[in-house]
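For reference, the chains in residue letters:
2 protein chains.
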Amino acid sequence: MSHSAELIAVGTELLLGEIANTDAQMLSQGLSALGINVYYHTVVGDNPQRLRAAVELARTRADVIITTGGLGPTCDDLTKNILAECFGRKLVYNAEAAARMEDFFRRIGRPMTENNYQQAYVPEGAEVFQNDWGTAPGCAFEEGGVHVLMLPGPPGECRAMFRHRAVPYLRRLSQGVILSRSLRLFGLGESAVEAELRDEMNAMTNPTLAPYAKIGEVELRITARGADEAAAQALIAPVEEELRERFGSLIYGADVDSLEQVLLELLRDRGLTLGTAESCTGGLTAKRMTDLAGSSAVFRGGVVSYTNEVKRDVLGVPQDLLDREGAVSEPVARAMAEGARRVLGCDLALSFTGVAGPDRDDRGNEVGLVYVALAAPGETRVRVLRNGPTRGRSGVRHIAASHGFDMARRWLTGLPDRDK
Amino acid sequence: MSHSAELIAVGTELLLGEIANTDAQMLSQGLSALGINVYYHTVVGDNPQRLRAAVELARTRADVIITTGGLGPTCDDLTKNILAECFGRKLVYNAEAAARMEDFFRRIGRPMTENNYQQAYVPEGAEVFQNDWGTAPGCAFEEGGVHVLMLPGPPGECRAMFRHRAVPYLRRLSQGVILSRSLRLFGLGESAVEAELRDEMNAMTNPTLAPYAKIGEVELRITARGADEAAAQALIAPVEEELRERFGSLIYGADVDSLEQVLLELLRDRGLTLGTAESCTGGLTAKRMTDLAGSSAVFRGGVVSYTNEVKRDVLGVPQDLLDREGAVSEPVARAMAEGARRVLGCDLALSFTGVAGPDRDDRGNEVGLVYVALAAPGETRVRVLRNGPTRGRSGVRHIAASHGFDMARRWLTGLPDRDK
Numbered sequence: 000m001s002h003s004a005e006l007i008a009v010g011t012e013l014l015l016g017e018i019a020n021t022d023a024q025m026l027s028q029g030l031s032a033l034g035i036n037v038y039y040h041t042v043v044g045d046n047p048q049r050l051r052a053a054v055e056l057a058r059t060r061a062d063v064i065i066t067t068g069g070l071g072p073t074c075d076d077l078t079k080n081i082l083a084e085c086f087g088r089k090l091v092y093n094a095e096a097a098a099r100m101e102d103f104f105r106r107i108g109r110p111m112t113e114n115n116y117q118q119a120y121v122p123e124g125a126e127v128f129q130n131d132w133g134t135a136p137g138c139a140f141e142e143g144g145v146h147v148l149m150l151p152g153p154p155g156e157c158r159a160m161f162r163h164r165a166v167p168y169l170r171r172l173s174q175g176v177i178l179s180r181s182l183r184l185f186g187l188g189e190s191a192v193e194a195e196l197r198d199e200m201n202a203m204t205n206p207t208l209a210p211y212a213k214i215g216e217v218e219l220r221i222t223a224r225g226a227d228e229a230a231a232q233a234l235i236a237p238v239e240e241e242l243r244e245r246f247g248s249l250i251y252g253a254d255v256d257s258l259e260q261v262l263l264e265l266l267r268d269r270g271l272t273l274g275t276a277e278s279c280t281g282g283l284t285a286k287r288m289t290d291l292a293g294s295s296a297v298f299r300g301g302v303v304s305y306t307n308e309v310k311r312d313v314l315g316v317p318q319d320l321l322d323r324e325g326a327v328s329e330p331v332a333r334a335m336a337e338g339a340r341r342v343l344g345c346d347l348a349l350s351f352t353g354v355a356g357p358d359r360d361d362r363g364n365e366v367g368l369v370y371v372a373l374a375a376p377g378e379t380r381v382r383v384l385r386n387g388p389t390r391g392r393s394g395v396r397h398i399a400a401s402h403g404f405d406m407a408r409r410w411l412t413g414l415p416d417r418d419k
Numbered sequence: 000m001s002h003s004a005e006l007i008a009v010g011t012e013l014l015l016g017e018i019a020n021t022d023a024q025m026l027s028q029g030l031s032a033l034g035i036n037v038y039y040h041t042v043v044g045d046n047p048q049r050l051r052a053a054v055e056l057a058r059t060r061a062d063v064i065i066t067t068g069g070l071g072p073t074c075d076d077l078t079k080n081i082l083a084e085c086f087g088r089k090l091v092y093n094a095e096a097a098a099r100m101e102d103f104f105r106r107i108g109r110p111m112t113e114n115n116y117q118q119a120y121v122p123e124g125a126e127v128f129q130n131d132w133g134t135a136p137g138c139a140f141e142e143g144g145v146h147v148l149m150l151p152g153p154p155g156e157c158r159a160m161f162r163h164r165a166v167p168y169l170r171r172l173s174q175g176v177i178l179s180r181s182l183r184l185f186g187l188g189e190s191a192v193e194a195e196l197r198d199e200m201n202a203m204t205n206p207t208l209a210p211y212a213k214i215g216e217v218e219l220r221i222t223a224r225g226a227d228e229a230a231a232q233a234l235i236a237p238v239e240e241e242l243r244e245r246f247g248s249l250i251y252g253a254d255v256d257s258l259e260q261v262l263l264e265l266l267r268d269r270g271l272t273l274g275t276a277e278s279c280t281g282g283l284t285a286k287r288m289t290d291l292a293g294s295s296a297v298f299r300g301g302v303v304s305y306t307n308e309v310k311r312d313v314l315g316v317p318q319d320l321l322d323r324e325g326a327v328s329e330p331v332a333r334a335m336a337e338g339a340r341r342v343l344g345c346d347l348a349l350s351f352t353g354v355a356g357p358d359r360d361d362r363g364n365e366v367g368l369v370y371v372a373l374a375a376p377g378e379t380r381v382r383v384l385r386n387g388p389t390r391g392r393s394g395v396r397h398i399a400a401s402h403g404f405d406m407a408r409r410w411l412t413g414l415p416d417r418d419k
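First to last, the sequence lines map onto chains R and C.
Note that numbering that gives the first Met the number 0 numbers the first sequence so that position 358 is 357, with each residue one more than the last.
Note that numbering that gives the first Met the number 0 numbers the second sequence so that position 276 is 275, with each residue one more than the last.
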């Protein structure tokens, strides 16, 4: 039997637009990976009547209700009270939750005010989701065929509590086991991937296959239901194999976080270092690498050469090359990457020079034209990108940086580059 | 009379978690600035029954319903059909919308397929919101005291259509005029601002004052309702004046986009240039500056010195200083900023060295400790930040970069720095 879920987010800050409901996005992805259909998201403020009405409605149309937010220590935090009331349960004190909170405050070295104890009350008979990432515990219970799960609102806590507390609870609801595997592709648009797979995807029921578009990338998620883990794995394996055969080296990883994370691990495994020389990307490539914890082991540094003087004086790009070819050109991309490799003392260097927009450059080059170069021992590779103006400045920049990561990944794994 | 709104987002991609409902956040902010209360957000898939049920419910509890999404050319795009049906209107062909679409496709140089004409139908008697940012027009009509507005789903289109089409429509619903003014503060936490203003804010009815937390910043929004624009302005002015008196130079701008945008404009006005030397921020500062169109007029470039060798060889930080003081120290921050100023040939240079986390550095410096330096003609200023581990890696980095922008802003406007 397939379950259907409704997500209810509680918080006036969502209705004022102070934050986006990213919890709903995260939970929707996670539920979809568990084979649970999400039919509604609802957002209400910190208002007892409207929350009550939303819950009463949800229980008529979903058999899994997940609330986010409203579990904190202030008088605005009503979720547990209202849910307990709607489902006819008392709130009871959970000593373990209280002890964990006391411990949490000791660790961060702040006094625990009395109102925090409010968070230690949970509906009677509920399974308590102890919170190792904050103070408010969550919980889950079943009443009349409806499963109610309550999770804290702050996105970091919500994500961890879902993954480590709610997912095990929800897995027990399904017959057998549901497993997902996510393949990440770079170098083919979502519509191209979808066009190629549409008929097969529509014909599949177990496992299912769904494409998710990212900026310049596609994620293909295979989800299988089996009597046990081995059975689900056995359903996924042939689909993965077929996709790998079809898309080959466009697939850069399975169950990975990002292209740059894959690159970081390749560099670490091979004991090699990376540097960057960025014109149009303006530091974005270095920023994305250094977003990753542990990047200092492989990333030596970068130069943001936003002017020709910096390209010449810091990276050593010859002035006559800049004059003759223009800053946005293949020879300058090459010279930037090779200069960065020398100046930064790294094994591989990526360079980017192009027109991010909104306007053409002073030589009339179109928006979206970017040269990306990889300087490696004994060889420099260049790609030319023409993204056109529809991507916008941030899209042009993001995709260019991703191409750089992809070029380095391909070199490190002994693959030829796609473009010239 | 105050209006109450419900937002209905239509799209299976939201229920699968492929995207977050950022349209709802944008609209909620915009409606709040118009003095319209938002009580519910609802998300449904591309499913006629569930969309119909959501609309029937919304009309019982809101007098402004705004839908986003489902206006496109495919058979999944049901919003106009369902809304027209719920409110008993026929769909009629709008020749201007069709002509604009033909024009749009000519401009981007792609053929217009027949199914696009489906988008040119709108409910009879509706005011058509022509779309200058995409293909699908939106529309608005009133039926039985309920105003229904339909906007396209893609965030860029939704934002532009709201601002230029829906806002003028909604303004006509209110008696008089509603105006907002947004003051941006850097250097004081949201809870501190709120604590200071709470009693006043609660006592205010016209104008109202609301704080919005951003990472490391606060936005204070004053919203007034008046018989005409001058009357609303007259209500806002004394509140703004009082806030400026109270918060002084912590307020960096009114109705501005960001701290870096303010800095860019100050630099442009004064004909000065900026450069960066980044260790723990890893290119983020340069990236944020170059996110801004027009930054090439003032931003010369940057060095991401993620290793001591790059600090020494590219920025000229003396090796014995690095050995003696450690990379995360005030003297090294100073030397990095002064080195960047020299190497990049810029008037002002910002430097960042610190511990972004998740772990302490090899000298045992705590996560969140960052030195930020500004090298200017004749003077170098340094701030020490201690953000603690609760901010997380990306928070530590973002706030450090913002401090740099703030230091440059203060120097350019002749203000002393807050910290030493």
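One or more of the hints may lead you astray.
Copies of one chain are not kept apart here, so a pair can be met inside one copy or by any two copies together.
Derived pair list, reagent style SDA-like, types lysine to any residue, alpha-carbon separation capped at 25 Å [claimed, not checked]:
no., residue 1, residue 2
1, 89, 394
2, 213, 44
3, 213, 133
4, 213, 74
5, 89, 210
Read the hints as simulated data drawn from the structure, not as lab findings.
Intra/inter-copy verdict for residue 89 and residue 394 if alpha-carbon distance must be at most 25 Å: neither (51 Å within a copy, 39 Å between copies)
My question is about residue 89 and residue 210: at a cut-off of 25 Å on alpha-carbon distance, are they close within one copy, between copies, both, or neither? neither (44 Å within a copy, 36 Å between copies)
Can you give me the call for residue 213 and residue 133, within, between, both or neither, at a CA distance of at most 25 Å? Result: close only across copies, 20 Å inter versus 30 Å intra.
If the cutoff is 25 Å on CA atoms, where do residue 213 and residue 74 land: within, between, both or neither? Let me know, please. So residue 213 and residue 74 pass the 25 Å test across copies only (23 Å; inside, 40 Å).
Classify it for me, residue 213 with residue 44: is the Cα-Cα distance of at most 25 Å met within a copy, between copies, both or neither? between (31 Å within a copy, 20 Å between copies)
Against the hints set out earlier in the document, violations occur for numbers 1 and 5.
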